[in-house]
Amino acid sequence: MTDSGKLWISAELAEKIRAHGAETYPHECCGALLGRDGSGDAAEGKPREVLELFPLVNRREDSPRNRFSVSPQDVLKAEKAAEARGLDVIGWYHSHPDHPARPSEYDREYAWPWYSYLIVSVQRGIPREMTSWRLHDDRERYSEETIEIRSETTSRS
Amino acid sequence: MSVKVMIPTPLRPHAGGKAAAEFQARTVAEALGRLTTEFGDLKRHLFTEDGKLRSFVNVYLNGEDIRYLGQENTPTKDGDTINIIPSIAGGKGLSRGAEKQFSG
Numbered sequence: 028m029t030d031s032g033k034l035w036i037s038a039e040l041a042e043k044i045r046a047h048g049a050e051t052y053p054h055e056c057c058g059a060l061l062g063r064d065g066s067g068d069a070a071e072g073k074p075r076e077v078l079e080l081f082p083l084v085n086r087r088e089d090s091p092r093n094r095f096s097v098s099p100q101d102v103l104k105a106e107k108a109a110e111a112r113g114l115d116v117i118g119w120y121h122s123h124p125d126h127p128a129r130p131s132e133y134d135r136e137y138a139w140p141w142y143s144y145l146i147v148s149v150q151r152g153i154p155r156e157m158t159s160w161r162l163h164d165d166r167e168r169y170s171e172e173t174i175e176i177r178s179e180t181t182s183r184s
Numbered sequence: 028m029s030v031k032v033m034i035p036t037p038l039r040p041h042a043g044g045k046a047a048a049e050f051q052a053r054t055v056a057e058a059l060g061r062l063t064t065e066f067g068d069l070k071r072h073l074f075t076e077d078g079k080l081r082s083f084v085n086v087y088l089n090g091e092d093i094r095y096l097g098q099e100n101t102p103t104k105d106g107d108t109i110n111i112i113p114s115i116a117g118g119k120g121l122s123r124g125a126e127k128q129f130s131g
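Here the protein sequences come in this chain order: A and B. Count along the first sequence from 1, add 27, and you get the number used in the numbering used here. Count along the second sequence from 1, add 27, and you get the number used in the numbering used here.
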């Protein structure tokens with residue numbers, strides 16, 4: 028596993044993700060991360076930053092306890108919402124009920140490159156560890172991003 | 028037939044940063060084939076090892092899902108637009124002992 032850099036998110040938004048995971052427990056929650064990609068190199072410039080969330084409904088009605096799905100129509104809604112706010116869809120969040128916040132083989136099989144995949148572990152209804160990952164270009168592994176909780180949202184300029 | 032292929036955000040770094048590319052193509056398959064020939068890194072993200080479109084890759088021709096048209100054999104005409112729209116999926120999967128985990 029390699030270090031993919033940092034992901035900035037406010038304490039408020041991190042708490043909203045955790046709350047969403049607690050709300051849908053024992054089912055997986057999901058949603059879009061809206062924000063800015065930054066300079067692409069955390070060592071030299073601004074990291075990728077989550078500025079808003081776009082909570083979604085888990086479309087996996089058949090297996091919501093261990094799977095989540097965002098339809099292409101919902102992807103387009105998230106992109107439209109991001110565009111209206113002058114932001115980009117930079118990734119997706121979902122929860123792992125009673126399971127570690129680590130990407131599974133299933134996560135890897137369905138992942139897209141470039142996006143940040145933020146996972147929150149919800150243990151017996153209580154949100155716990157939160158991690159973020161980016162699929163490596165070879166699709167074989169992930170790079171973990173360091174989530175940096177910001178006490179205030181940064182300027183959008 | 029000049030066909031425009033819109034490239035979704037997560038794939039643009041593998042397409043020279045481009046949001047769109049145009050190709051001469053008579054079918055959707057031909058357009059996607061030319062896309063992955065020009066930008067080879069896109070191939071593994073769009074197609075499985077046996078050459079099929081990945082299930083989470085949704086392809087639309089002029090706003091219509093090609094699954095309801097002729098799939099990849101859907102003919103294209105001059106001025107058509109192909110959109111590649113992601114589905115997003117994942118989850119904890121099977122029980123902890125039954126599935127490989129990335130331990131970080």
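Keep in mind that the hints were calculated from the coordinates and are not lab data. For glycine and all other residues, C-beta sits at the position ideal for the given N, C-alpha and C. Take the hints with a grain of salt, since some may be wrong.
Said to hold, decoys possible - Derived contacts from chain B toward chain A, CB cut-off under 8 Å, selection only:
1) 75
2) 108
3) 115
4) 117
Outcome of the hint check:
Because the closest C-beta pair between residue 75/B and chain A is about 10 Å apart, greater than 8 Å, the hint is violated. At a threshold of 8 Å, the smallest CB-CB gap from residue 108/B to chain A is about 14 Å, leaving the interface hint violated. Because the closest C-beta pair between residue 115/B and chain A is about 4 Å apart, less than 8 Å, the hint holds. Because the smallest distance between the Cβ of residue 117/B and any Cβ of chain A comes to about 4 Å, under 8 Å, the interface hint for this residue holds.
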